[in-house]
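Sequences are here, hints too, so could you generate the full structure?
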Amino acid sequence: MADHALHRHVVLAGFMGSGKTTLGRDVARRLGRSFLDADKVIEEQTGRKIAEIFATDGEAAFRELETRTIRALLDSRSNTVIALGGGAVTHAATREALKEAFVVHTPVDVGVAWSRVRNSDRPLARDEATFRALHAERASLYDAVADAHADDVDGIVLAAAGIHFEDGALDKLDELVHGTGPVVVISDENVWGYYAERVKASLGDRIAHSYILEPGEASKSHQVLDRLWNALRVDRGATIVAIGGGCVTDVAGFVAATYLRGISWVSVPTSLVGQVDAAIGGKTAIDIAGGKNLIGSFHWPTRVVIDEQLLNTLPERERRQGEAELVKTELLANRTLGVRGAAAYKAGICLQDPYDHGPRRWLNLGHTFAHALEAAAGYALTHGDAVALGLLAALRLSGRDTTIVEERLKPQPVSVDIDRAFEALLRDKKSLGGAINLVLLGPESPIVEPRPADVVRAELARLIA
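Just so it is clear: in the sequence shown, position 344 is 332 by the working numbering, and no numbers are missing.
Please note that a few of the clues may not be correct.
Here are the simulated DSBU-like pairs of lysine-lysine, each with C-alpha atoms no more than 30 Å apart in a straight line [said to hold, decoys possible]:
{"no.": "1", "residue 1": "K160", "residue 2": "K188"}
{"no.": "2", "residue 1": "K160", "residue 2": "K87"}
{"no.": "3", "residue 1": "K87", "residue 2": "K37"}
{"no.": "4", "residue 1": "K87", "residue 2": "K28"}
Between beta-carbon pairs, the in silico distance windows are [unchecked claim]:
{"no.": "5", "residue 1": "V29", "residue 2": "V443", "range": "45 to 55 Å"}
{"no.": "6", "residue 1": "E304", "residue 2": "E116", "range": "50 to 60 Å"}
{"no.": "7", "residue 1": "V100", "residue 2": "D214", "range": "55 to 65 Å"}
{"no.": "8", "residue 1": "I452", "residue 2": "V100", "range": "54 to 64 Å"}
{"no.": "9", "residue 1": "G181", "residue 2": "T9", "range": "22 to 32 Å"}
{"no.": "10", "residue 1": "I452", "residue 2": "D131", "range": "53 to 63 Å"}
{"no.": "11", "residue 1": "T34", "residue 2": "R120", "range": "25 to 35 Å"}
{"no.": "12", "residue 1": "H(-5)", "residue 2": "A196", "range": "23 to 33 Å"}
{"no.": "13", "residue 1": "H197", "residue 2": "A49", "range": "25 to 35 Å"}
{"no.": "14", "residue 1": "A453", "residue 2": "I276", "range": "22 to 32 Å"}
{"no.": "15", "residue 1": "D97", "residue 2": "A368", "range": "52 to 62 Å"}
{"no.": "16", "residue 1": "E163", "residue 2": "D223", "range": "21 to 31 Å"}
{"no.": "17", "residue 1": "E163", "residue 2": "V100", "range": "25 to 35 Å"}
Note that these hints are calculated values from the structure, not bench results.
Even glycine gets a Cβ: it sits at the ideal position worked out from N, Cα and C.
Here you go:
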């Protein structure tokens, strides 16, 4: 089974009336991919309606044609979102072909499905009793091909990114960490104090080692990295499970990316920052004296396990740090979001642009300023407080109202040296011809645009006490 849809087609499989076409179009838009409806492709290529092919050639002939069409779509080099006809999974050759893709089953209540299709020209929706029997008969086939199950756009996008979002998911780690190989747990002292027993109960004898780090940004250092590299005693069949906030997932992910040239890892974010931002998308990094996250790698986790109940033990101060990333995501999406919606927004952007060459740069809204202030403060300034200030600057430079940031985040100027902060800013985002590229909010969507260095420095100075 596939872990996620990075570099794979997303295929929606489900019974008649489950909304695959409508969902597929929206998912494709969120992932920046094209959308194909397999039934529509068949009708366009043959010049005949599905009902006509069924009536004239019979179902067996149609299934052969359907399989050839699906194989051709899956052979396309460009990753797409594909909606299948409800009965496509009944053909063994189609089920075999689907192993190449990431398949999401779109479940639907049979009564709801019947109400949607009973007056259509679908050849297998003529009689309700037969329709209900087909629904029951095909259930096991959908399960057999599915890598995930989801019935809304956010759910499909999360699944495609390898994100499992469920209350109580921490207690299901054994089934969520794929395979049966050994597990190395990396956490920090605070988180491990809360959740050690639950993690041990779930993963049991699979835990080969556990390494507990000092909480906070101090753990994102080359010294900690070196210690972990030298302590590990596992082969490439092992999985690193990172349980903690963004600092833990950053350093653990980088260890996984580099040890033995890369081993699997699973991220279990326990902070709001982690659940809406840091744990999603495969960016891993450590800090150096010159700046934040300057040494790192892209290494997509095989699974991200988001259990919103873990936020119940989060101190209010830490929740406030995550609120800054949530506000950032709402500004980018131009709508109010909860944790699930924010995670899905970032997941879609990261699947669309996994290596940060295009739209993924939008996620740095406010972060050019934030990282500069953090570095200038020697990382004594919390990330959330820095992002709040950075968003204030980004909105001002975008010509936007700053009320949402001021009311929800209440940013306060920080006492740091302006020259040190500006030097860090220049290193974080290289200047081009006397200008500095910044993520800003355009009239319709986020943009990346240069601003004169003196203008940027002046805006940075406004954030400093």
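Taking the hints in turn, this is what the structure says about them:
no. : hint                      : result
1   : K160 to K188              : holds (11 Å)
2   : K160 to K87               : holds (25 Å)
3   : K87 to K37                : holds (28 Å)
4   : K87 to K28                : holds (22 Å)
5   : V29 to V443: 45 to 55 Å   : holds (51 Å)
6   : E304 to E116: 50 to 60 Å  : holds (54 Å)
7   : V100 to D214: 55 to 65 Å  : holds (56 Å)
8   : I452 to V100: 54 to 64 Å  : holds (57 Å)
9   : G181 to T9: 22 to 32 Å    : violated (49 Å)
10  : I452 to D131: 53 to 63 Å  : holds (57 Å)
11  : T34 to R120: 25 to 35 Å   : holds (30 Å)
12  : H(-5) to A196: 23 to 33 Å : holds (29 Å)
13  : H197 to A49: 25 to 35 Å   : violated (57 Å)
14  : A453 to I276: 22 to 32 Å  : holds (26 Å)
15  : D97 to A368: 52 to 62 Å   : holds (54 Å)
16  : E163 to D223: 21 to 31 Å  : holds (22 Å)
17  : E163 to V100: 25 to 35 Å  : holds (29 Å)
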